[in-house]
Amino acid sequence: MSEPVVDQTDQVNQARLASLGMMVAGISHELNTPLGAINSNHDVIERALNKLQVILEDEVVTQDELQEVRKIVRAMDGVLRTNSIAVERMVKLVESLRTFGRPDRADVDRVDLHEGLESTLAVLGFELAAITVDRAFAELPLVECYPNRINQVFMNLLHNAVQAMPDGGTLKLMTSSEGDRVRLEISDTGRGISPEHLAEIFEPGFTTKGGRVGMGLGLAITHQIVAHHGGDISVSSTVGEGTTFVVELPLRLPKDHAAREGGNDVVA
Amino acid sequence: MSSELNATVVIVDDEEMVVGSIQSFLELETDYRVLPFTSPQAALECLAEESVHTIVADFMMPELDGVTFLTQARSIVPMATRILLTGYADKQNAIRAINDAGLYQYLEKPWDNEALILSIRNAVERSRLFEELAGRVAELELANKELTGFKERWMQAFM
Chain X
212 MSEPVVDQTD QVNQARLASL GMMVAGISHE LNTPLGAINS NHDVIERALN
262 KLQVILEDEV VTQDELQEVR KIVRAMDGVL RTNSIAVERM VKLVESLRTF
312 GRPDRADVDR VDLHEGLEST LAVLGFELAA ITVDRAFAEL PLVECYPNRI
362 NQVFMNLLHN AVQAMPDGGT LKLMTSSEGD RVRLEISDTG RGISPEHLAE
412 IFEPGFTTKG GRVGMGLGLA ITHQIVAHHG GDISVSSTVG EGTTFVVELP
462 LRLPKDHAAR EGGNDVVA
Chain A
533 MSSELNATVV IVDDEEMVVG SIQSFLELET DYRVLPFTSP QAALECLAEE
583 SVHTIVADFM MPELDGVTFL TQARSIVPMA TRILLTGYAD KQNAIRAIND
633 AGLYQYLEKP WDNEALILSI RNAVERSRLF EELAGRVAEL ELANKELTGF
683 KERWMQAFM
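The listed protein sequences correspond, in order, to chains X and A. Following this note's numbering from start to finish, the first sequence increments by one per residue and tops out at 479. Following this note's numbering from start to finish, the second sequence increments by one per residue and tops out at 691.
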């Protein structure tokens, strides 16, 4: 192994760590809302129980206390409703994580790309709070790919799009298929990338000082993953208006994908 | 308790579970009338129709951010006290915006019910005092007007 290969492996590992970091931040934030609700509800149940115990202490229930009991029942009704929303949210999140990570899934699989996009959006959930997500999804055939790697592509592109819109905006996702290829377009209405940066955006190690710091490595990996799948990725951008990434993938992996993959771990 | 009667508290968060939890809590512990909203726009429309004492709003909402919402709410119900709920991640942005918008208080998510109820009680009390003050100022203005009229009539009668 020569020097540059070792460097590249380090870069890949760094990018994976960064991607993992994003995920962990996303998940903890996503869990925060339902946990906050359940935590508050737990406190409400405790308070309600105390009130009921006080009412039952003398074994005589007055009219005022009856009013109080009715109030408690109303509150409990609300607690049950919000708890079930919160639990459902957490179940969905765990389900998305399983789809996203898929440790049980074979390295190569035929997948519905929309599923990967949705689970990535779910993981990024909290970052999307101020953003409108527009989906223009076509019927897509299943795509043969390394699902975990493709999800990493989605994570990098969606995360970059979100980062470009700190004050909110619209994230547009369009999918289509033609012949033996599928096409995915991810557009943001963010700050955009200047032409001189656009030219080198997929170069390993590329970073900008001001604008979209740290996207370089992620995008270099993204580019490599797409290339290994026999696909193409391109970008167009207007400063102040937004950026669009287009990913095209073949329905089948290229015959030499195992060799391109270069073993199990070193993607780049 | 008497100050809780007829006091209206508006809760706005795009997450139904947050609005629902706070509503259940306030309904159990207070006599406030609680108006829950998951849409800030719908809340603004309602403010024009209601007499509102306190508004609690989330910061990160897709339709309208909490600070903008509370700034707009102020022009509709200037006497209502406004509280912002913020998540940890957007705390810095929120604090900057709070200072610009002159909000009463911010509370962090996940919130503590005891701190929440204390803030809301103080907020309601504050807007009640404003109302009372406005009432007294109006009374004074009326009295002043009557006195001026009396003085003018007196002057006309004797001079």
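Hints are computed from structural coordinates only; laboratory data are not their basis. Incorrect hints may have been included.
To be verified - So the derived list for chain A, only partly shown, Cβ under 10 Å to chain X, looks like this: (1) GLY552; (2) SER553; (3) PHE557; (4) GLU559; (5) ASP590; (6) MET592; (7) MET593; (8) THR603; (9) GLN604; (10) GLY619; (11) LEU661; (12) LEU674.
Stated by the list, open to error - For lysine to aspartate or glutamate, the following EDC-like pairs were computed, each having C-alpha atoms within a straight-line distance of at most 20 Å: (13) X/LYS303 / A/GLU678; (14) X/LYS262 / X/GLU299; (15) X/LYS282 / A/GLU657; (16) X/LYS282 / A/GLU663; (17) X/LYS262 / A/GLU548; (18) A/LYS623 / X/ASP378; (19) X/LYS262 / A/ASP563; (20) X/LYS282 / A/GLU559.
All C-beta atoms in this analysis are idealised placements derived from N, C-alpha and C, irrespective of residue type, glycine included.
Inset, instruction - Identify whether the interface hint at A/ASP590 stands, where standing means a beta carbon of chain X within less than 10 Å of its own. - result: holds (9 Å)
Inset, instruction - Grab the minimum C-beta distance from A/LEU661 to chain X and call the hint holds if it beats 10 Å, violated otherwise. - result: The hint is violated - A/LEU661 has no Cβ within 10 Å of chain X, the shortest such distance being about 27 Å.
Inset, instruction - Classify the hint on A/SER553 as holds or violated, based on whether any CB of chain X lies nearer than 10 Å to its CB. - result: Nearest chain X Cβ about 4 Å off; hint holds.
Inset, instruction - Starting from X/LYS262, check that the Cα of A/GLU548 is at most 20 Å away, please. - result: Not OK: X/LYS262 and A/GLU548 at ~26 Å, beyond 20 Å, violated.
Inset, instruction - Double-check A/MET592 for me: the hint is only fine if its C-beta lies closer than 10 Å to a C-beta in chain X. - result: This hint holds: A/MET592 lies near chain X, its Cβ roughly 4 Å from the closest one there, short of 10 Å.
Legend entry - Restraint status (C-alpha distance of X/LYS282 to A/GLU663 at most 20 Å): Violated. X/LYS282 to A/GLU663 sits at ~29 Å, over the 20 Å cutoff.
Legend entry - Satisfaction of hint between A/GLU678 and X/LYS303, Cα-Cα up to 20 Å: With a Cα-Cα distance of about 68 Å, the restraint between X/LYS303 and A/GLU678 is violated, given a limit of 20 Å.
Legend entry - Hint consistency between X/LYS282 and A/GLU657 [alpha-carbon to alpha-carbon, up to 20 Å]: violated (23 Å)
Legend entry - Interface hint compliance - A/PHE557 to chain X, C-beta minimum distance less than 10 Å: holds (5 Å)
Legend entry - Proposed proximity, X/GLU299 with X/LYS262 (alpha carbon, max 20 Å): It is violated: about 29 Å lies between the C-alpha atoms, which goes past 20 Å.
Inset, instruction - Would you settle whether the hint for A/GLN604 is holds or violated, based on the nearest Cβ-Cβ distance to chain X being less than 10 Å? - result: Nearest chain X Cβ about 16 Å off; hint violated.
Inset, instruction - Double-check A/MET593 for me: the hint is only fine if its C-beta lies closer than 10 Å to a C-beta in chain X. - result: holds (7 Å)
Of the numbered hints given earlier, the model fails hints 8, 9, 11, 12, 13, 14, 15, 16, 17; all others are met.
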